[in-house]
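J.: Chain U: place on chain P using the hints.
2 protein chains.
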Amino acid sequence: MEIKKTQHSKLDTIDPNNSPFGVNISDHMLICEYENGQWGKPVIMPYGGMNYSPALMAIHYGQAIFEGMKAYKDKNNDVFLFRPEKNFERFNKSAERLAMPPITKEIFLEGLYALIDLDRDWVPTKEGSSLYIRPTMFASEEMFSARISNKYTFAIMTSPANSYYDKPLKIKIENHYTRAVSGGVGFTKCAGNYGASFYPTLLANQQGFDQIIWTDSQEHKYFEESGTMNVMVRIGDIIYTPPVSNTILNGVTRDSLINVARHNKIEVREERISVDSIVNAYQQGTLKEIFGCGTAVVVNRYSHVGYNDNIMELPTLKDEESYAVLLKKQLVGIQTNELDDPFGWRIKI
Amino acid sequence: MEIKKTQHSKLDTIDPNNSPFGVNISDHMLICEYENGQWGKPVIMPYGGMNYSPALMAIHYGQAIFEGMKAYKDKNNDVFLFRPEKNFERFNKSAERLAMPPITKEIFLEGLYALIDLDRDWVPTKEGSSLYIRPTMFASEEMFSARISNKYTFAIMTSPANSYYDKPLKIKIENHYTRAVSGGVGFTKCAGNYGASFYPTLLANQQGFDQIIWTDSQEHKYFEESGTMNVMVRIGDIIYTPPVSNTILNGVTRDSLINVARHNKIEVREERISVDSIVNAYQQGTLKEIFGCGTAVVVNRYSHVGYNDNIMELPTLKDEESYAVLLKKQLVGIQTNELDDPFGWRIKI
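As they're listed, the protein sequences go chains P and U. In terms of this note's numbering, the first sequence has 1712 at position 270, counting the first letter as 1, and numbering is strictly consecutive. In terms of this note's numbering, the second sequence has 1777 at position 335, counting the first letter as 1, and numbering is strictly consecutive.
Chain P with its partners taken away, still in its complex shape:
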């Protein structure tokens, strides 16, 4: 791997501990180009422009995927990654569905480790902060024929990130727009899934909601995801979450929270959640919590759930009563080396 270091670190002007999510991109990026059926040599270089023209095929035909992961610093300034192999595996599942070449484990993981090591001063230390990591792959041929690209760029960029959201959200159960359909690309982290969700979310915002709970495409009767996160529901003392499928992302945070919950002897059921069952539980007073989970936000609690013209107001639990708070605390504790890691998830860089 070649490393070209920047001569002008932006750390003179940017404070990683005071950096809103995703805005300030760290000094270096990893770039690896695919051409003639093979990946070239990965290069770490100063982050910046790449001379792509507006004919870049990723822009026209959407062969573009990404991952989201984080690096954390503990009190000794040691830097840790969290389950990066899960992101590597999912990245290649996305690639396959988008007819893109798989990246090698060597380029993805060793590139990642080298990049984080080089830019370790960008990992913030403030509580709740982390270095957000964005691996991406996109079609980089420049032409107009609607076909599979012959060239791709794999890139890893990073950005210091404060907490993503900070208050319980009002969320709307979507019964018109659709995020994903069986036989589609809903289970991948491809670019098209996100742009397609912005307009329905904007409409929800105009109705006073912060986010959407996506439902199935056939009947809009079953929970799928919430915003860009997986969704979990606590009824009584059981957590329910929809099983992963070809319309639901196999979230690393989702899987980790399930494991942490079970480690705490909390029952988790991976089953379809009908809107009717939520309304019933609400009416019976057993609906205790609904929360989203994902890498960027970790866990986000919901306070109000809109459905048709009704609003269900969820109970305001004390922190010590909330599974969302408990699970988040334990997961972040593992990620930041504050707590033991019985699962072997942490990787020291």
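To be clear, the hints were calculated from the coordinates, so they are not data collected in a lab. Beta carbons: idealized from backbone N, C-alpha and C, even for Gly. Among the hints, a few may not be true.
[Unchecked claim] Here are some, though not all, of the chain P residues that point toward chain U, as calculated from beta-carbon distances under 7 Å:
1. Asn1493
2. Tyr1494
3. Ser1495
4. Ile1501
5. Gly1504
6. Ala1506
7. Phe1508
8. Leu1540
9. Ala1541
10. Arg1576
11. Phe1580
12. Ala1588
13. Val1623
14. Ser1659
T.: Chain U only, in chain P's frame:
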């Protein structure tokens, strides 16, 4: 509008009459940037790289749309566009669904006219050739937060194009993968729709088919589109085509062919086409033609249609018996100023 002309025309080395579809991009492009809630001044400049980084939001979140249109040269070397207002209108419909700002008619159409006028030497003269025109708009902010971009680039690029396909295709009726779903973005020309279709098409290719006929997401029982085109079916002497919907693109070629057909007293019915009705017509010997239609290819006939493990072989009509051939000839005749234009579709540049 500012115009910066190239000092080095590529026409020294590229022959527009000998240029495969979409590969060679003409000397100039139009660029207009959106920021702070408004479009800036459009600039025509030499086609080339734009210094985008791999953090370009279009690559990550798929806010990216395009149009496809063509310019034609007649025997007097006059240059014509075909119904450009239709593309302008559809472009803004795509933009709205992708939560992108509308482009003004002035920037889109006057920019288009000025660009085609400047690069008129790029319009090929060979029969069946044209200058393919690619307007596009994409999110051009560079950051990682999964939200609506605040910056956009509108671009128009062009490329000389020989005929896209040249032989009748073998096509497969898709009954597993899905292109579009109600409440989704199927009716738009957004990037994500295309990348999502490549893998299912690749699988069809591996089974010996050239393209896919997409069916509805609920039951896979009704025709929707074929490949990246609208689809038309001739049973007896009636043409059937699915009505446009929120899963089917409102094709300019589709609409034009319907008008040309009706002008020829051919009956056209815009109704849902079930796979069962196709199989029945095939068994009764009344299934005469199936063809795709779109700007890039105009009309493409299908010779074989695969469904489950069966292949339906369509009759080999003589050119003078084929509606597909008749309609294509008349449409291209109008586009290239070989025939009268009773519809007022042609615009001279």
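J.: Hint by hint, note whether the structure agrees.
T.: Outcome of the hint check:
The restraint placing asparagine 1493(P) at the interface with chain U holds, with a minimum CB-CB distance near 3 Å, inside the 7 Å limit. The beta carbon of tyrosine 1494(P) comes within 5 Å of a beta carbon in chain U, closer than 7 Å, and the hint placing it at the interface holds. The interface hint given for serine 1495(P) is met, as the beta carbon of that residue sits about 5 Å from the closest beta carbon of chain U, less than 7 Å. Look at isoleucine 1501(P): its Cβ gets to within about 5 Å of chain U, closer than 7 Å, so that hint holds up.
Interface restraint check for glycine 1504(P): the shortest CB-CB distance to chain U comes to about 3 Å, inside 7 Å, so the restraint holds. Taking 7 Å as the C-beta cut-off, the interface hint given for alanine 1506(P) holds, the closest approach to chain U being about 5 Å. Residue-level restraint check for phenylalanine 1508(P) holds (minimum Cβ-Cβ distance to chain U is 6 Å; threshold 7 Å). Taken as an interface hint, leucine 1540(P) checks out: its beta carbon lies about 5 Å from the nearest beta carbon of chain U, inside 7 Å.
The restraint placing alanine 1541(P) at the interface with chain U holds, with a minimum CB-CB distance near 4 Å, inside the 7 Å limit. Using the Cβ-Cβ criterion of 7 Å, the hint placing arginine 1576(P) at the interface with chain U is satisfied: the shortest such distance is roughly 5 Å. A hinted interface residue such as phenylalanine 1580(P) counts as satisfied when its beta carbon comes closer than 7 Å to some beta carbon of chain U; here the least separation is about 5 Å, so the hint holds. A cut of 7 Å between beta carbons decides the hint on alanine 1588(P): the least distance to chain U is about 5 Å, and the hint holds.
Given hint, valine 1623(P) at the interface with chain U, holds; its Cβ is 4 Å from that chain's nearest Cβ, closer than 7 Å. For serine 1659(P), the interface hint holds, since its Cβ comes within 7 Å of a Cβ in chain U; the closest pair sits about 5 Å apart.
This entry satisfies every hint, going by the numbered hints stated previously.
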